[in-house]
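Peer 1: Residue strings, one per chain:
Protein chains: 2
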Amino acid sequence: MKTPFHRRRRAVVSLLRETKASCLLITNPANWYYLTGFTGESGALLVSQKGTGLVTDGRFMVQAHEEATGIRVRQQKGSLFESVGQYVKDSHFSQVGFDPSQLTVSQLQSVRGATGGRSQWLPVPGMVETLRMRKDAAEIAQMRKAAILAGEVMQRGIRFLKPGIRELDAAAEIEYQMRKLGASGPAFETIVAFGERAALPHARPTSKRLRKNELVVLDLGVILGHYCSDITRTAFVGRATRRIRTWYQAVLEAQTAAIAAAKNGASCGDVDAAARQVLKGYRLGHLFVHSTGHGLGLEVHEDPKLARGQKRHLEPGNVITIEPGVYEEGIGGIRIEDDVVVHADRTEVLTRAPRDLIEI
Amino acid sequence: MKTPFHRRRRAVVSLLRETKASCLLITNPANWYYLTGFTGESGALLVSQKGTGLVTDGRFMVQAHEEATGIRVRQQKGSLFESVGQYVKDSHFSQVGFDPSQLTVSQLQSVRGATGGRSQWLPVPGMVETLRMRKDAAEIAQMRKAAILAGEVMQRGIRFLKPGIRELDAAAEIEYQMRKLGASGPAFETIVAFGERAALPHARPTSKRLRKNELVVLDLGVILGHYCSDITRTAFVGRATRRIRTWYQAVLEAQTAAIAAAKNGASCGDVDAAARQVLKGYRLGHLFVHSTGHGLGLEVHEDPKLARGQKRHLEPGNVITIEPGVYEEGIGGIRIEDDVVVHADRTEVLTRAPRDLIEI
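Just so you know, the protein sequences line up as chains A and B, in that order.
Here the first sequence is numbered in my numbering, starting from 1 and rising by one per residue.
Here the second sequence is numbered in my numbering, starting from 1001 and rising by one per residue.
Because the hints were derived from the structure by calculation, they are not lab data.
Each residue gets a CB set at the ideal place from its N, CA and C atoms; glycine is no exception.
Treat each hint with caution, since some may be false.
Cut-off 27 Å, straight-line C-alpha distance, at most; resulting in silico cross-link-like pairs (DSS-like, lysine-lysine) [as the list claims (entries may be wrong)]:
#1 Lys-180(A) - Lys-1208(B)
#2 Lys-77(A) - Lys-1311(B)
#3 Lys-1180(B) - Lys-180(A)
Facing chain A, according to a computed beta carbon distance under 10 Å, are these residues of chain B, among others [said to hold, decoys possible]:
#4 Asp-1099
#5 Leu-1168
#6 Asp-1345
Whenever a hint applies, use it, and build me the whole structure from the sequences.
Peer 2: If you want it as structure tokens, here you go:
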């Protein structure tokens, strides 16, 4: 029986034929999980037509043998990259592909040194990431579960909000609920921002307490069965002012427009522009200080990027966030974020939680 | 009034004089926090005699202005490393130091390209890490609090253990207690390993349930005021067998010996050897599959490394973990870990929790 891991390794081998490399060095944990199922925290993978080898240290040997079937596992001696070099030498690989955005200058130097200059090192950027962008049916089913779970956690988080609690309390409660509902953990540090702190798109929870007439931004995601979700909702404690209502309406319309634009074949830059256009119409374009969204999967930030001028076209199986927002110092911020999957003929919103302005 | 950040930047400038570089590029978040107080998640810092500049994106501009005083903040245009290159060009830096273990091959290429070949790029490894190894009194005071908090969480975690709970439940409870006690979060993914899974030194919590006559390894740490702690305890559900008792005694003696060896001036390799020697005496040396410990601070793994053959000598202000263990497939594992700080004339154990075998 062939596992998805086996099939994916075959896809790498087939892509390698289009390059000059005879094997590919993989150092990103999400990539080696994608290709082998190995969940250890340190190691390096070498995929070639002759088979796949994993080098890891003593802490992860048992795990490697249990999780990664159909590949060779070798325990590192000395530093990881010296051992990888030795493996390359022993396997007589003369052309090794590596991802220049994932190997540090000193790792490349060390692995090069260990092969004694007998191998050529070729930049092969983003090969596994390209495969990972197109999720298969099983991955989408898993991400749907992760997204639904995030929506449920969001609703519990919102119910927990009341004047007097600290941002840290809300973050603790939210991450506790994630685990209670079965997540293996948060996909990223949960963002809880009250009042003026909501003007920081990536605020870290502090001991600030929630007061009346403040905005609340909750941005959270879970990892479930290795896959991430990511959702944001904005609430107001009390009755929102007219300005807050207008801003909220603008962000919601921007998000709706971007979701509608996120179709199979659309360019990523056009999806970003759809959100930006709406906010410009409200004269709020200058308050939208980040991009519209990002790919989501084994990592919480993956390709494709939904940002200004991105020319890549959406394809079936792409899972992305759509998360426009507006931010003003001294006032706060509003962001609404959902996860969507692009199908051949439609776009499905994976996260399920009401999107109207929440007044507490 | 000069902040510690200011003093540390001056130390970097003074170390730079011993190199050919006129400025240092810093891309590791822990390093830029150490030098400026900036807690954003994306950016790059350039420290030179002419002052310090931070390049970051729109999401972190407000935060940068609030947190990082006495430095220039510039918003990135295009990619981060293009903007850094532009900054280097505008500042007429001709020799830029960078850490080859922290810059990827493509980041170096991108920043080099953006300066149009007018700057020389010099590898300057580990300069800020070297400063960070010697914690000052305020840092040690903060780490003492983080260590005590971890000990308290450990004791709550142990009280939570009972047959039938899942590893994931214990991890959720532990991380919830961290936050309740004031931590900003876990320093790393909490390790909860029951029974045979305790043979994996870095097991991730699963839905496995705790049964009678099983070992339990809990390895946890908190972040408090930006600094990390790290503690491990091993428990047994029921009355431990003679073998488990002997193994536990061996690990405890190994840890005690390593703590005694961890004195100002001792070599890191000798501390590792002290633990290894004891386990060898028990004929358990082959089951100790990792190194004895690691530095701890703003990051959970820092220099110095306490591993075989490490020649670096311990100095006052070094904070390290001491964590020998034994692991056997099919049986489980035992690990005991505490954090210690090296003073000029003594070594202080920061973590406070009983170290005897816990029987539940």
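Peer 1: Given Asp-1099(B) as an interface hint, is its Cβ closer than 10 Å to any Cβ of chain A?
Peer 2: 8 Å, holds
Peer 1: Are the Cα positions of Lys-1180(B) and Lys-180(A) separated by 27 Å at most?
Peer 2: Distance of about 16 Å is within 27 Å: holds.
Peer 1: Does the closest beta carbon of chain A sit nearer than 10 Å to the beta carbon of Leu-1168(B)?
Peer 2: 6 Å, holds
Peer 1: Just to be careful, I want the Cα atoms of Lys-180(A) and Lys-1208(B) compared with a cutoff of 27 Å; is the pair within it?
Peer 2: Holds, because 15 Å separates the two Cα atoms, which is no more than 27 Å.
Peer 1: So, Asp-1345(B) near chain A? Judge it on the closest CB pair being under 10 Å.
Peer 2: 34 Å, violated
Peer 1: Could you grab the alpha-carbon distance between Lys-77(A) and Lys-1311(B) and see if it respects the 27 Å cut-off?
Peer 2: 18 Å, holds
In terms of the numbered hints stated before, the structure departs from hint 6 and from no other.
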